[in-house]
Amino acid sequence: MDFLLDYFEWALFLFLLALGFFAGRFLERRHYRSIRQREKKLAKVLTFATRFPPNLVDPQDCRLVSGCVVISSDYFKQFVASLRNLVGGRFRGYETLLDRARREAILRMKEDARRAGYYLIVNVKIENTSIAGGRQGAMPSFELFAYGTALKPSKHAV
Amino acid sequence: MSNILVSNMEMIPGRRIKSHLGMVQGSTVRAKHAGKDILASLKNIVGGELKAYTELMQEAREEATERMIEQATSIGANAVLNVRYTTTAVTMGAAEILAYGTAVILE
Chain S
1 MDFLLDYFEW ALFLFLLALG FFAGRFLERR HYRSIRQREK KLAKVLTFAT RFPPNLVDPQ
61 DCRLVSGCVV ISSDYFKQFV ASLRNLVGGR FRGYETLLDR ARREAILRMK EDARRAGYYL
121 IVNVKIENTS IAGGRQGAMP SFELFAYGTA LKPSKHAV
Chain P
1 MSNILVSNME MIPGRRIKSH LGMVQGSTVR AKHAGKDILA SLKNIVGGEL KAYTELMQEA
61 REEATERMIE QATSIGANAV LNVRYTTTAV TMGAAEILAY GTAVILE
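Sequence lines, in order, name chains S and P.
End of the first sequence = 158 in our numbering, gap-free, step of one.
End of the second sequence = 107 in our numbering, gap-free, step of one.
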């Protein structure tokens, strides 16, 4: 009986690992496709990390815009990460995860700006919070939050 | 409510600040829903966006901003500049979201 239980545990582990790998990869690819598409569409919304806007905008009209996303790692990536911890070095799985989340947050901020009719965002800040939950063995998840001041180009310039 | 100007720039170029009224802030502590947490833990297997949490954070941030604006209006400001946000995990399933900035009167 004990042997059976052991067997079941291993099977479940391998099943979750495979599910995480295939489904995670599929979802990641789909997400990247949608990110690239929307980045092209929103290329007209300019973002600046500078503190003040360039001279060509009308600063009278401005508004805070923001975008946020909570993203979580998958089972496979977490397993690989725990192995990666032994030898150190770069871990691409989490790099792409955070890259996706960051670009998504920026895109949502741009969408927020465009909905309100703005085409320029200055003073962009990006904030990253880990919300692992503190539980033992909890899956790491992150919140990426991007915010900035949206402005309108003045009628004379551009 | 939104006749007040909110920006994370330190000053608005071209507009003079008549007077500074000091710092204003708004915060909220939100806990996550147990049912949604179970769904999220399932979502953890395949990874990706946790929509329920995104909504939660969004709502919390809006509320924090609203409280900050309320405070700014009550002291007679017409703008809040240099707005910043911070997030801190308070306990296992709860987070505090704080929005703060400087309340000013613009000409």
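Derived from the structure by calculation, the hints contain no laboratory data.
Only a predicted model underlies this, so the values are computations on that prediction, with no experimental measurement involved.
It is possible that some hints are incorrect.
Claimed, not checked - Dumping the calculated DSSO-like pairs for lysine-lysine here, alpha-carbon to alpha-carbon at most 27 Å: (1) S:K152 / S:K40; (2) P:K51 / S:K40; (3) P:K18 / P:K32; (4) P:K51 / S:K125; (5) S:K152 / S:K41; (6) P:K32 / S:K125.
Q. Going back to the hint list, which numbers does this structure go against?
A. Hint check: 3 fails alone, others pass.
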